[in-house]
Structure formats: C-alpha cells, structure tokens
Amino acid sequence: MKKALSLILALAMVLALAACGSKSGETETTPAPDNTPAVEADSLTFKLGGTGPLTGGAAIYGTAVKNAAELAVEEINAMSGVHFELNFQDDAHDAEKAVNAYNTLKDWGMQISLGSVTSKPAEATSAENYADRIFALTPSASSVATTAGKDNVFQMCFTDPNQGSASAQYIADKGLATKVAVIWKNDDVYSKGIYDTFMAAAPGLGLEIVSDTTFADGSDTDFSVQVADAQSKGAELVFLPMYYTPASLIFAQAKATGYAPTWFGVDGMDGILTLEGFDTALAEGVILLTPFNADSDDARTQAFVEKYQEKYGEIPNQFAADAYDCVYAYKQALEAAGCTADMSNEELNDAMIAQFTSMTFDGLTGAGMTWGTDGAVSKSPKGMIIQNGAYVGLD
Amino acid sequence: MKTMKLSKTSRKNFLTYALVILAFVILQALAAAGTLSSMLRGLLVPICAYVVMAVSLNLTVGVLGELSLGHAGFMSVGAFMGVTTAISLQNAIPSAELRLVCALLVGAVFAGIVGFLVGIPVLRLNGDYLAIVTLAFGEIIKSIFNNLYLGLDSHGFHLSLLDNKLHMEDGGRLIIGGPMGIGGIQKIANFATGFALIMVCLIIIFNLVGSRAGRAIMAIRDNRIAAESVGIPITKYKMMAFVTSAAMAGAAGALFALNFSTIVANKFDFNTSILVLVFVVLGGLGNMLGSIVAAAALTILPEALRQFADYRMLVYAIVLILVMLIRNNPTIRSFLERFRLSRKGGAA
Amino acid sequence: MSFFNSLISGISLGSIYAIIALGYTMVYGIAKMLNFAHGDVIMVGAYVCFFAASRFALPPLAGVLLAVVVCTLLGITIEKLAYAPLRAAPSLAVLITAIGVSYFLQNAALLLWTPNPKVFPNFVARRVDGVDKAGVEFFGGALRVSYVTLVTILVCLAIMAVLTIFINGSKLGKAMRAVSEDKDAARLMGINVNTTISATFAIGSGLAAIAGVLLCSAYPTLVPTTGSMPGIKAFTAAVFGGIGSIPGALLGGLMLGVIEILSKAYISTQLSDAVVFGVLIVVLLVKPTGLLGKQIREKV
Chain A
1 MKKALSLILA LAMVLALAAC GSKSGETETT PAPDNTPAVE ADSLTFKLGG TGPLTGGAAI
61 YGTAVKNAAE LAVEEINAMS GVHFELNFQD DAHDAEKAVN AYNTLKDWGM QISLGSVTSK
121 PAEATSAENY ADRIFALTPS ASSVATTAGK DNVFQMCFTD PNQGSASAQY IADKGLATKV
181 AVIWKNDDVY SKGIYDTFMA AAPGLGLEIV SDTTFADGSD TDFSVQVADA QSKGAELVFL
241 PMYYTPASLI FAQAKATGYA PTWFGVDGMD GILTLEGFDT ALAEGVILLT PFNADSDDAR
301 TQAFVEKYQE KYGEIPNQFA ADAYDCVYAY KQALEAAGCT ADMSNEELND AMIAQFTSMT
361 FDGLTGAGMT WGTDGAVSKS PKGMIIQNGA YVGLD
Chain B
396 MKTMKLSKTS RKNFLTYALV ILAFVILQAL AAAGTLSSML RGLLVPICAY VVMAVSLNLT
456 VGVLGELSLG HAGFMSVGAF MGVTTAISLQ NAIPSAELRL VCALLVGAVF AGIVGFLVGI
516 PVLRLNGDYL AIVTLAFGEI IKSIFNNLYL GLDSHGFHLS LLDNKLHMED GGRLIIGGPM
576 GIGGIQKIAN FATGFALIMV CLIIIFNLVG SRAGRAIMAI RDNRIAAESV GIPITKYKMM
636 AFVTSAAMAG AAGALFALNF STIVANKFDF NTSILVLVFV VLGGLGNMLG SIVAAAALTI
696 LPEALRQFAD YRMLVYAIVL ILVMLIRNNP TIRSFLERFR LSRKGGAA
Chain C
744 MSFFNSLISG ISLGSIYAII ALGYTMVYGI AKMLNFAHGD VIMVGAYVCF FAASRFALPP
804 LAGVLLAVVV CTLLGITIEK LAYAPLRAAP SLAVLITAIG VSYFLQNAAL LLWTPNPKVF
864 PNFVARRVDG VDKAGVEFFG GALRVSYVTL VTILVCLAIM AVLTIFINGS KLGKAMRAVS
924 EDKDAARLMG INVNTTISAT FAIGSGLAAI AGVLLCSAYP TLVPTTGSMP GIKAFTAAVF
984 GGIGSIPGAL LGGLMLGVIE ILSKAYISTQ LSDAVVFGVL IVVLLVKPTG LLGKQIREKV
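Protein chains in written order, with my numbering: chain A, 1 to 395; chain B, 396 to 743; chain C, 744 to 1043.
Just chain A, same shape as in the assembly (with noise of 0.2 Å):
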C-alpha cells in the first residue's frame, strides 16, 4: 500500500512537470526579475540576452553579472528612453551548454547580448554570436580569443595578456621586488593567459621569477607546497594571477607557515574583502591591479554598491561593476544610434560596431573609456593596496 502510493506520487509529479514544461516551452515567458515594473512592449524595449556560469563550480561570477545587469535593467527601465528586456541563461561555464544556452535565447529573439561570463563558453558563443551577426558586449570574458576575428564582440574587461604585461611593468616600476614567485591556475584560461604575458614580459624588465608553480581544479585546496616553494627559493613577491578563492587559501596557508612576501593580484582578486567570514588581516598589504574598487568614494559607485547590497544582500564585485557598465553602455550606444526594437538584428548589429568604435563611456569601472576595432576596451587599471580591511589607492 505504501509503495503504491509513493509511486502514485512520484508519477504525478513527473506528470506535472512534464506537463509545466510543454505549457511555458511554448509560451516561452521570460524569467522577468522580481520587482522589475512590466515593460510595455514599445518600439524602444530591445532584448537583451547573455549566459554565464549559475550553477556549477563558477556560479559566483555568473550570478554576479545576472544581478547587476538585473539591477541595472531595472534602473534604466525606470527611466524614459531605451527600455530592456533581460534573459539570462545558465551556462555552467561549460562552452557546448553555453552555446546550447544561446541557442535558447536566439529562439526568444535576443537582439543584443552580453556574450558570456567566462572565457572558454564566450569563445564558443562569441563564434556564434559572429556567425549569426548578434552584437556582443562580454562583461567579463577577458581571453583573447573571445574577441580574435569576430568584429561585433566587444570587451568590457581588461584583456588578459593586457593584466600580464601591466603589472609586470607595475612590479618594476614601482621597484616592489626583484625576486618573483608565481602560482597559476593550470586549467584556468584566464589564469593561464596572464601568466603567459606576465612572464614574457619579467625577464626584459629586471624581474627574476625563481619559483613557479601551479594547481589545477581538483587540487586548489592544498597549497602548502607552493607557499614552501616560494618561501624556499627566498621570493620578496608572489604574483596570483587567480581568483579570490583560492588566494583566500594560499593566504591563510602561508600565515601559517610564516611567509609574508607582497602579495600581488590581478582584477579577480577584487572581492577577496566581501568573502563571507574571511579574516581581512589575512590580506593585509595585498597590492592588486583592478579597475573595480566597491569603497570607492565616488557617488556613482556608491549608490550602486548600496542598491546590490539592499537587493541581494552582498556587496557588488568587479563581475557586477563590469556588468552593471555593459548595460548603461547599451544604453548610450543605442540611444546615440537612435536604434529602435524593429530593427533588425544586423543592423543593429552595424549600428552597434559604428557606436562604440567611436564613442566615449563613462562607467563605474573607468572614465573616458573606449574601444578599438578589435573589440578591447581602452581604460587604465589602478593600483590598489589593502590597509586595515579596505582599498586604498596606490597611485
């Protein structure tokens, strides 16, 4: 008798789902973000569409650029001018879901896109994205190849040969160390590529690498030996060309077996402060290159950063910040164009190459910010130091 029951159930609920899912597949109904006011459908409201990372191992970064662009959405949509729908789809930072998740939102008619958020799946949509001629704007996909080639994809991020050779050049400027270790992340394109141009360009600037090692996803837990290495080999820097997390970690497991070089990041070091229980001494003098900076002063940063924090309970990272700025550079973009919804989506396309080609975009991330035809963003980064749990201009 049990068991028939809990069988009974069991089947209707697959019944009911099987039947939710023909129902809204064909509907097909945008996930519209809580709170957002109902868009009526005018000739001003444009589709825009991105995926990225919102399950999975890389869930932070894609949930992350979803919020921020949700936010900034939301703000505009508020506004008169140009209104936007948003569809973002979960990619698992894997490029063929990612290309599947495209697919989807080419059937819901996504007219301009955010690309994707990490750097292998935009190559695989940024592909697509060309072939199909649907202009992309990546927050934060900073690998080159995403852009290689492909005239309608543009970067809101830094490149990542760009970070390597910038603070390289900073490193010895600002005559920091001599001596330099560096831990990478061996499957990690965007780790990989900074540590590529990083270390093209040390050795032409004075800088003398004497250790180098790296972990791997399965083994980004344990960093005793690569702290030991660099401590052995007497390094007065260690480069981390990373993500916060695992620099969280090499953090703490270098504090317990003493070793305090200067710890240099690059831009995905940005939010190491907001980890949720971290001990900020831990980071105390890490100097990191980002164009991000959530205590800034400036007011425009600051209402952001409080309106995040009010909606999603967290403070915003340098993921947030980029896609918060892809959405307002839209925003310029198709108003300067005088674009409108009915438009098709090469022309739109060609509209949008024509607009940021030319213009200038003022962003949390950067002032006086441009592109080139290749799709980089033009914007300097700025040198930071953490003091006493915050950011402190370097420069």
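Treat the hints with caution; some may be incorrect.
Stated by the list, open to error - A short, non-exhaustive set of chain C residues, derived as facing chain A with CB atoms under 8 Å:
#1 Leu756
#2 Pro963
#3 Asp1016
#4 Leu1028
Claimed, not checked - Derived lysine to aspartate or glutamate pairs resembling EDC-like cross-links, with alpha carbons at most 20 Å apart:
#5 A/Lys382 - A/Glu284
#6 A/Lys150 - A/Asp350
#7 B/Lys582 - A/Asp132
#8 A/Lys179 - A/Glu208
#9 B/Lys582 - A/Asp151
#10 A/Lys307 - A/Glu276
#11 A/Lys382 - A/Asp297
#12 A/Lys311 - B/Asp705
#13 A/Lys150 - A/Glu346
Bear in mind the hints are in silico, worked out from the structure with no lab data behind them. Where a beta carbon is used, it is the ideal one built from N, C-alpha and C, also for glycine.
Dock chains B and C against chain A, hints included.
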C-alpha cells in the same frame, strides 16, 4: 527454439535501425522546413555524439559486464586527435566532409590504441577495482591533455609537455595549447555525418554481439569461470570489446569537438563519464535502443527545463532519482512484464 | 626539513581523506553500493557548522555536534527515500540514484546558500600573548605543525579506534559484519537487515559531518561543490586500501594524501593528480583487491 530466439534479436535490431533512420528523416525534414528551433538544431550533433558514447559504453558495461568510469577519457583522445587532424589537413583536403571523415577515423584509431594500452592493465582486474582504474586512467588522460602543447609548422609537428617549448618558426600554428585546449576550430561536424556514425556503430555492435565473438563476450559476462573452463580466451575477447568501445568513443569525441569552436581537456572529466553511464543504465544494460533514447532524452532535458530558471538542475536531479525509482519498482516492473508477455504471446 | 613539512601536510590531508573514505567503505561493505552522494553530505555538514558558528554564535563543539546530528538525519532520510526502495535492484541502478542525490544536494545548497564562498572560521587557533598562534614550531621554526593538523590527525586516529572497537565489540557492530558477510544468512539469524543498513548510513553520514568540519578547518573556503573532489579522492583512497576494510580506509587515505603532497613537492605541481592515479593503478595491479582488501576466493 534457436531460430525463434535469433529472429527475435534480429527483429529488435532492425527495429533499432528503423527507428534511428525514422528519427533522422523526421528531424532532417523539420530542419529543412525551418520549423526546428535553434535550440534543438544546435543539439543535433551533440546528441549524435552522446548516442555513440552511450552505445559504445553499453558494449563495455552491458555486453562485457565491466563497469567503466573513464569513458570520457577515450572521447578526449578522439576529440583532440580528431581536431588536430582536421586542422592539419585544412590545406591538403579542401572538402570539409572528407576532412570530417578523416578526423573521425583518426580519432577512432588513436582512441582504440589508447584503449588497448589502458586495457592491458585494466582487464586483469575485476568489478569495482576495474571501475576505479578506468576512473584513474580517465583522470590521467585529462591531466596529460591539460599539459600538452602541440604545434604545426613547415617542419612538421612539434610536441612538448608541461611547458610551451615548441620553438616553432614564424607562421607555425599552435594547435593544442595545454590548459587553453584547442581554439578557433572550424565547425565542420554535421547531423548527417553524426547519423551515419550512429548507424556504423550500431551495425558494428549488433554484428559483434551476434557473432561467435559476441557470444563468447557474453559468456564471460555471465560466468567468467565457466567461460574459461570451456576454453574461451578471456583476455582476447574482453580486449576486443573494450577496444571497439574505446574506438567508437574516440569517433564520438572527434564529432563532438568539431561541432564547437573551442574544446578543453576539462570538458572530458569524471562528470562526463558519469553522465554517459547514466544514459546507459537508464536505457537498460545491453539495450542499445534504450541507450539511444536515454542519451537523446537526457541531453534535451536540461535544455527543456530552462523555464524553471534557478531550479533547473534541482528538477533535473529529482527527475533522475524518480525515473530510477520508478524503473526499478517491483510493482511497475511486474506490470510491464505482464504487458510484454501478453503482447508477445509468451514468446519470451 | 621541507620534506618533513610536506610529509606532515600530506598526513593531515590524508587523515581527512581517511575519515571520508570510512563512510564509503562502511556503506560499500554492507550495502554493496558506491554512495557517490557521500561527498555532498560532507559539504552539508560543513555548512551547518559554519552557520552554527557564524550566525547563531554557538560554541565550536556545539556546532560540530549539530552538524553531526543534521548529517546523520540527512543520511537516514536519503537512505530511506532513495536507496531503500532499490534494495533488490542491480547495484548500478543504485549508483545512478546516488549520483542523482549528489546533484540534488549540490544544487539545493547552491539555492539555499548562494554560490558565494564562505570562509570557515578557525576553531583551533590559540591566542598567545594577544597574537593568534596557528601552530607549534619544532627545531627553531624549521618544522611547523598547525593546530588544525594536530587536531585532524588525532581525531582521525580516535575515530578509527572507536569504530574498530564498535564493529568488533558491540551487538550492532556484529550485525553489520554479519550483514556484510551474507545478507540472507544474517536475516535468517534474526538480524534486522534494513535497520542495520540504516545504522550504517547514519554512522557514515555522521562521520561525514566531522570530515566536513575538519576539511574546512584545514582548507577554509566553503562552496556548494566543496565536497565533490575530496569525495572522489576519498573513494579512490577507499579502493586503494581495499574497499570494505576499515584499517584499509585509514591506510589508503593517508597514503593518498602523502603521495599527493609529495608528488606536488618533488615531481610536478601540474601532474600531481596523474601521479596519484598512476600509483593507484600500479598498486591495484600488484594487489588487485587493494592494500588490505580481503582476497575473495572464487568458488566454482
């Protein structure tokens, strides 16, 4: 009695062929008419690749009876070698179709060779120990491709491990870039070739299973000691099934990789091996048609669940558990058995 | 000295693998199933302890106890809902269900606790002269052992000892051994097989909570996927030592941890996983049922 049994298997085989051809014709017609959504159109080639993965793993797990947790490793070998072939032949063979076939063949051959090398130690073990060693090989293959650099210039191929020390001349092309994988792949895979690959694999598997060798393989699965005692060379037949399965996975890998503009070693990890195993178990051990249906259904399912937004993967997990519970529920099982018996008039 | 430092890191990592491997090995020995959701139970345990300490400000020990209770209940629930109905089904079907449960736990954690990493508090640092001391030093600072490492190793040894006594001495332990030997014979002798299997899951999941707390104390970032890779490594360790054997889980876990750290230190950080799995393959070729596994003679 014997003829009846044979005709029943071949009937089932022909049903499988017919259904696959039917599905192909319908999908092709829908695609031609333009009624297929972009989402489904984009899924066609990956589904073909996963179907081939599923039927090839079913050969190891269902027919040979050995659990393999590293099938994605062979897919990885096929993917990397296949794409390398396609890139190197870019100038030599102008026809994309022919290049694709070459890539699939090379992928299959390399995966077959790796399958043979892996098979030597693996097939000496049994049960869960064998399973964990296949898992280990899968991880090792992933680790190697994550550290492999391969370039091509006018002097031929350059290979290095761990560091990019290729020293290529100007104009040389870096094909495999370690953790960056292969980028800028020309997407030459298409549904028709995927369909042809499924058919070829099915023909090979059905003929193998129906042959003397296939009966020997199943005898080993059912009772190894009995099989050995009647003089069946265990290792030879185990190896035959294992290498065939690996080679097919290689071809599937090449097909899969040539459908995307970029591919990385991490794609072919333990999770992918498990995903394919889920197809096989869900479809039924030794049941090729079941594998095909399960592979197609479970590839479409997560995409079809997108309207659940944040709850998508949660729903996917629940569906997976429920399907396993329902499939193995004794009440339903006996109900289905009865149904089958009454329809076939007790032929089984 | 750097060799000894690496060795100690390895033993510490290995102790954690060993405790996780215990859960795999006990469940396997009795239910003959690979419980792939075990790694995710670890993650749940760590989250419970984290929230107990950070949100409700419970003392560390109470947090650990709460985690153990929650995980034990979770283990029993999973067993009753997802595994018990499949008692008669082929073991592969249960394996796939376990994978489904693993997906479920991970994605539920993602929704409940967001993907943002949490930094696990350090329970075992000691304040000396107003400064946080994270460990003890020997030989004038050449050899450092953190308190976390010490606690991890001690807890691991204590668990092993208690568990061995329990399995060999108590009535339930005897029942477990009987069920693992022959389910049907055990039933005939009046042992409640279902209760015994549930008890095994309860103990395994309770241990998972402790493993989760130790794992996150040593490596303090906590995300919904925290448990999956240590889970696979521990599963490997269980097979390494001979699956089904409790001393085997200890030996396998320790060896795996030490090999992993030493190969990072002396061979290559890039290929350390490949080396670990390579050693595993060699060991299984020499001893096909793991280091301490029972050699089951095949009957004709």
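Hint check results:
Against a cut-off of 8 Å between C-beta atoms, the interface hint on C/Leu756 holds, since the closest Cβ of chain A lies about 6 Å away. For C/Pro963, the suggested interface contact is upheld, since its CB lies about 6 Å from the closest CB of chain A, less than 8 Å. Hint status for C/Asp1016 relative to chain A: holds, with the closest Cβ pair at about 6 Å, below 8 Å. Checking C/Leu1028 against chain A: minimum C-beta separation of about 23 Å lies over 8 Å; hint violated.
Note on A/Lys382 and A/Glu284: the hinted pairing holds, with a Cα-Cα distance of about 18 Å set against a maximum of 20 Å. About 13 Å separates the Cα atoms of A/Lys150 and A/Asp350, which keeps this hinted pair within 20 Å; it holds. Among the hinted pairs, B/Lys582 with A/Asp132 is consistent with the structure: their alpha-carbon atoms are about 14 Å apart, no more than 20 Å. Between the alpha carbons of A/Lys179 and A/Glu208 the distance comes to roughly 5 Å, so the proposed pair stays at or under 20 Å and holds.
A hinted pair counts as satisfied when its Cα atoms are at most 20 Å apart, and B/Lys582 with A/Asp151 qualifies at roughly 19 Å. Distance restraint check for A/Lys307 and A/Glu276: the Cα-Cα separation of roughly 19 Å lies within the 20 Å cut-off, and the hinted pair is therefore satisfied. Proximity of A/Lys382 to A/Asp297 is assessed by CA-CA distance (about 14 Å); at most 20 Å being required, the pair is judged to hold. Restraint check for A/Lys311 and B/Asp705: the C-alpha separation of about 17 Å stays at or below 20 Å, so the hint holds.
Taking the CA atoms of A/Lys150 and A/Glu346, the gap is about 14 Å. The hint holds against a cut of 20 Å.
The earlier numbered hint that this structure contradicts is number 4, and it is the only one.
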